[in-house]
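Got two chains here, each in a separate frame; can you build the complex from them with the hints?
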Amino acid sequence: ETGVTQTPRHLVMGMTNKKSLKCEQHLGHNAMYWYKQSAKKPLELMFVYSLEERVENNSVPSRFSPECPNSSHLFLHLHTLQPEDSALYLCASSQDAGATGYEQYFGPGTRLTVT
Amino acid sequence: SQQGEEDPQALSIQEGENATMNCSYKTSINNLQWYRQNSGRGLVHLILIRSNEREKHSGRLRVTLDTSKKSSSLLITASRAADTASYFCATDPSGYSTLTFGKGTMLLVSP
Chain C
222 ETGVTQTPRH
232 LVMGMTNKKS
242 LKCEQHLGHN
252 AMYWYKQSAK
262 KPLELMFVYS
272 LEERVENNSV
282 PSRFSPECPN
292 SSHLFLHLHT
302 LQPEDSALYL
312 CASSQDAGAT
322 GYEQYFGPGT
332 RLTVT
Chain H
12 SQQGEEDPQA
22 LSIQEGENAT
32 MNCSYKTSIN
42 NLQWYRQNSG
52 RGLVHLILIR
62 SNEREKHSGR
72 LRVTLDTSKK
82 SSSLLITASR
92 AADTASYFCA
102 TDPSGYSTLT
112 FGKGTMLLVS
122 P
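Heads up: the protein sequence lines correspond to chains C and H, in order.
For the first sequence, the tail end lands on 336 under our numbering, and the numbers increase by one without skipping.
For the second sequence, the tail end lands on 122 under our numbering, and the numbers increase by one without skipping.
Worth double-checking, as some hints may not be accurate.
What the hints assert, rightly or not - Beta-carbon label-pair distances, calculated as ranges:
no., chain 1, residue 1, chain 2, residue 2, range
1, H, Gly-27, C, Glu-288, 41 to 51 Å
2, C, Gly-319, H, Ser-23, 17 to 27 Å
3, C, Ala-260, H, Ser-105, 22 to 32 Å
4, H, Gly-70, C, Thr-237, 31 to 41 Å
5, H, Ser-50, C, Thr-223, 15 to 25 Å
6, C, Thr-223, H, Ser-69, 14 to 24 Å
7, H, Gln-20, C, Gly-249, 34 to 44 Å
8, H, Gly-51, C, His-294, 18 to 28 Å
9, C, Lys-239, H, Asn-49, 38 to 48 Å
10, C, Val-276, H, Gly-70, 52 to 62 Å
11, C, Ser-259, H, Ser-105, 20 to 30 Å
Stated by the list, open to error - Quick look at which bits of chain H chain C covers, simulated, 3 or more residues with Cβ under 8 Å:
no., segment
12, 43 to 57
13, 77 to 91
Stated by the list, open to error - Pulled a few chain C residues facing chain H out of the computed Cβ check, cut under 7 Å:
no., residue
14, His-231
15, Gly-235
16, Tyr-323
17, Gly-330
Hints listed in this document are in silico derivations from the structure and should not be mistaken for laboratory results.
Values in this document were obtained by computation on a predicted structure and should not be read as measured data.
No residue lacks a Cβ here, since even glycine has one placed at the ideal position from N, Cα and C.
This is chain H alone, in the form it adopts within the complex (with noise of 0.2 Å):
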């Protein structure tokens, strides 16, 4: 069954601009991944998120998660037309690894 939810469907934004991305889920997790896929390739990490953990940051991302309310976010500042990618949140309830991908944000970052 499916469990995280990425809101919203798709984003456009300008160069330069901020994107938030949202995920929600409805089980308890051991840890939160979030994954960027370029049209038709494979899935590149971005960053994980344990449960006991409640913000991250990598470069130019940074993922919040709030298990109370059951979501997390992944905020890009200062997006670039390489930005340009669908963005999806995996939840492992376990933490053997079995993830559940939400469908995804398609985010469009215009020169």
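So here's chain C without its partners, still in its complex pose (with noise of 0.2 Å):
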């Protein structure tokens, strides 16, 4: 999958540490996402981005900060996480987030464990 990528692909830091996902997309779409996926909990929306302007925020804690340089790069940078921040942390793409519904391209995801 070459569409939408992820670095790194695998993350281990302590409570700490700070560190930053990386996601970058060669789709030319217009809207970014970042997931979270933790083990027996559905996929949860944490942050969009809508032409480098962020859109929505679904009550994030704040030591998740995100940053969209530009339409084709999101960072969700990261410090004194807890050790439930571990799980499988997506980003996503679309077209746009617009008013017509747009189906959404994944990275592979980075895997996050917090020591």
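Next up, the structure:
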């Protein structure tokens, strides 16, 4: 899958570390998303960006800080995380986040473990 | 809050059989989407069905939508071992692509 790439694929970090997840889409899309997938819980939408502006923030703790410098790149900056933040973090993109609904294309995810 | 709820949670069938998964949701929607996820990897979009559509086909996949019952079903015909994956429905209430996913149905297709 080369449409949406994520790095790193695996990350282990301590609770006092600062790290960043990177997502890049090569599809010419205007909207990008961060999701969290924990064991035994539904996939949770964290952030939505449309044309580099944040349009949705689903009450995510401030220890997660997104950044969208352009429509092709999306970052998730992490600091002072908790063990319960261990999860698979998925990035997705879609043509737009407009009022007609579009399918989303997902990256392979970053498996994060907080120790 | 969780919108889509898939049923069953797990399904085990033999190759060649058909697999049916159901999704129920609570509020009105603009569209409903089905995704597949192979173990611990990214999701792959399968089908998007809009609220004014009743049925859609894509290859061996058939999706139905009943807005009066707030339910959808995904049928995979002539299943293959490669269809083994988790299948999720996702509802889009507004059309602004803020999807809410269910917990998924885990499908196992045995050779």
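Check the following: the C-beta atoms of Ala-260(C) and Ser-105(H) are separated by a distance inside 22 to 32 Å. For Ser-105(H) against Ala-260(C), whose Cβ atoms are near 29 Å apart, the range 22 to 32 Å holds.
Whether chain C covers the segment 43 to 57 of chain H (at least 3 residues having a Cβ closer than 8 Å to its Cβ atoms): n = 8 at 8 Å, threshold three: holds.
For the segment 77 to 91 of chain H, do at least 3 residues have a Cβ located nearer than 8 Å to some Cβ of chain C? violated (count 0)
Would you settle whether the hint for Tyr-323(C) is holds or violated, based on the nearest Cβ-Cβ distance to chain H being less than 7 Å? 6 Å, holds
Mind checking the hinted window 31 to 41 Å against the Cβ distance between Gly-70(H) and Thr-237(C)? About 49 Å separates the Cβ atoms of Gly-70(H) and Thr-237(C), which means 31 to 41 Å is violated.
Outcome of range test on Cβ distance (Lys-239(C), Asn-49(H); 38 to 48 Å): For Lys-239(C) and Asn-49(H) the Cβ distance comes to about 31 Å; the hint is violated.
Assessment of proposed distance window 20 to 30 Å (beta carbons of Ser-259(C), Ser-105(H)): 25 Å, holds
Hint says 41 to 51 Å; check whether the CB-CB distance for Gly-27(H) and Glu-288(C) agrees. 49 Å, holds
Gln-20(H) versus Gly-249(C) beta-carbon gap, inside 34 to 44 Å or not: 37 Å, holds
Take a look at whether the Cβ-Cβ distance between Gly-319(C) and Ser-23(H) falls inside 17 to 27 Å. With Cβ atoms ~40 Å apart, the hint is violated.
Interface hint outcome for Gly-235(C) [beta carbon to chain H under 7 Å]: 23 Å, violated
Look at the Cβ atoms of Gly-51(H) and His-294(C) and judge whether their distance stays inside 18 to 28 Å. 24 Å, holds
The structure fails hints 2, 4, 9, 10, 13, 14, 15 (numbered hints given earlier, in ascending order).
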